[in-house]
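Participant: Sequence:
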Amino acid sequence: MTQQQTVHLIDDDDSFLRSMARRLRSHGLNVATWNSAAEFLLRPDQDAPGCVLTDLQMPARDGFELQRNLAASSNPLPLIFISGKGDIPSTVRAMRAGAEDFLTKRTDTPELLAAIQRALDRDTRERVARSQQNASRDLIDSLSGRELQMLLGVIQGLSNRQMSETYGLAERTVKHYRTLLTRRLDVYTSVDLCRLVQEAGLTAEDIAAAIDATPATALQ
72 MTQQQTVHLI DDDDSFLRSM ARRLRSHGLN VATWNSAAEF LLRPDQDAPG CVLTDLQMPA
132 RDGFELQRNL AASSNPLPLI FISGKGDIPS TVRAMRAGAE DFLTKRTDTP ELLAAIQRAL
192 DRDTRERVAR SQQNASRDLI DSLSGRELQM LLGVIQGLSN RQMSETYGLA ERTVKHYRTL
252 LTRRLDVYTS VDLCRLVQEA GLTAEDIAAA IDATPATALQ
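Just so you know, the sequence shown maps onto residues 72 to 291 in this note's numbering.
Think of the hints as simulated: they come from the structure by calculation, not from any bench. Glycine included, each C-beta is placed from N, C-alpha and C at the ideal position. Take the hints with a grain of salt, since some may be wrong.
So the derived label-pair ranges between C-beta atoms look like this [to be verified]:
1. Thr-260 x Ala-206: 16 to 26 Å
2. Tyr-259 x Ser-97: 28 to 38 Å
3. Arg-255 x Phe-87: 46 to 56 Å
4. Asn-146 x Arg-167: 17 to 27 Å
5. Glu-182 x Tyr-259: 48 to 58 Å
6. Gln-74 x Asn-106: 22 to 32 Å
Listed below are the simulated SDA-like cross-link pairs for lysine to any residue, each with C-alpha atoms no more than 20 Å apart in a straight line [to be verified]:
7. Lys-176 x Pro-130
8. Lys-156 x Pro-181
9. Lys-176 x Met-91
10. Lys-176 x Gln-188
Kindly generate the complete structure, drawing on both the sequences and the hints.
Facilitator: Quick look at the structure:
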């Protein structure tokens, strides 16, 4: 069952929280209210889908600090700033850091709802992308040291002979491990192997580091 997306409304002004929550719920949105960024960051369901609608100026932890905290989390929900007054430097700073939008509290309902819908759509897209990335990374993490060597050779564009010389293996042994690699990953072309590494968010340097961390006995 797909979990319902939630609009997390954060503001230290109780009257604004109540009125804005009513406004959004009247348009069918699921809304959770929080009096501070710290309270929101301690919410029970840290991985749930949705977006954040937050005031910029708040005591203890302002909107920019919340934005940094969210970006560093495992569930970086899209964020919309809604401030009592907007200024160009704050807007530029927020957007450069990845905010979906920067609105004032006088923004009319259609514009507000449009921004929220963009944020919720973005959350869906990014959630799918993270899921694909994690699945691809799990596949690569399952490889043996020798299979990682073959994968590195492929993404570096090495031929079987070049891999044989680089890793000190017979060419038929390279072919054997390349076959194991493609069967384990269920990926059979060099282009698709490179794409899988890209989907995992990894680089050739990351693969090389994983090989270096492999016990020497596993490469004999």
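Participant: Each hint: holds or not?
Facilitator: Now the hints, each set against the structure:
Thr-260 and Ala-206 have their C-beta atoms about 19 Å apart, which keeps the hinted 16 to 26 Å range intact. Between Tyr-259 and Ser-97 the CB atoms are about 54 Å apart, so this pair departs from the stated range of 28 to 38 Å. A beta carbon spacing of about 55 Å between Arg-255 and Phe-87 agrees with the range 46 to 56 Å that was offered as a hint. Distance hint for Asn-146 and Arg-167: a CB-CB separation of about 22 Å, consistent with the stated range 17 to 27 Å.
Separation of Glu-182 from Tyr-259 is about 49 Å and conforms to the stated range, judged on CB atoms against 48 to 58 Å. As the Cβ distance of Gln-74 to Asn-106 is approximately 24 Å, the hint placing it in 22 to 32 Å holds. For the suggested pair Lys-176 and Pro-130, the alpha carbons sit about 18 Å apart, so the restraint of at most 20 Å is met. Restraint check: the Cα-Cα separation between Lys-156 and Pro-181 comes to about 19 Å, which is no more than 20 Å; the hinted pair holds.
Taken as a hint, the Lys-176 and Met-91 pair is honoured in the structure, with Cα atoms around 9 Å apart against an allowance of 20 Å. Restraint check for Lys-176 and Gln-188: the C-alpha separation of about 17 Å stays at or below 20 Å, so the hint holds.
In this structure, only the earlier hint numbered 2 is contradicted, and the remaining ones agree with it.
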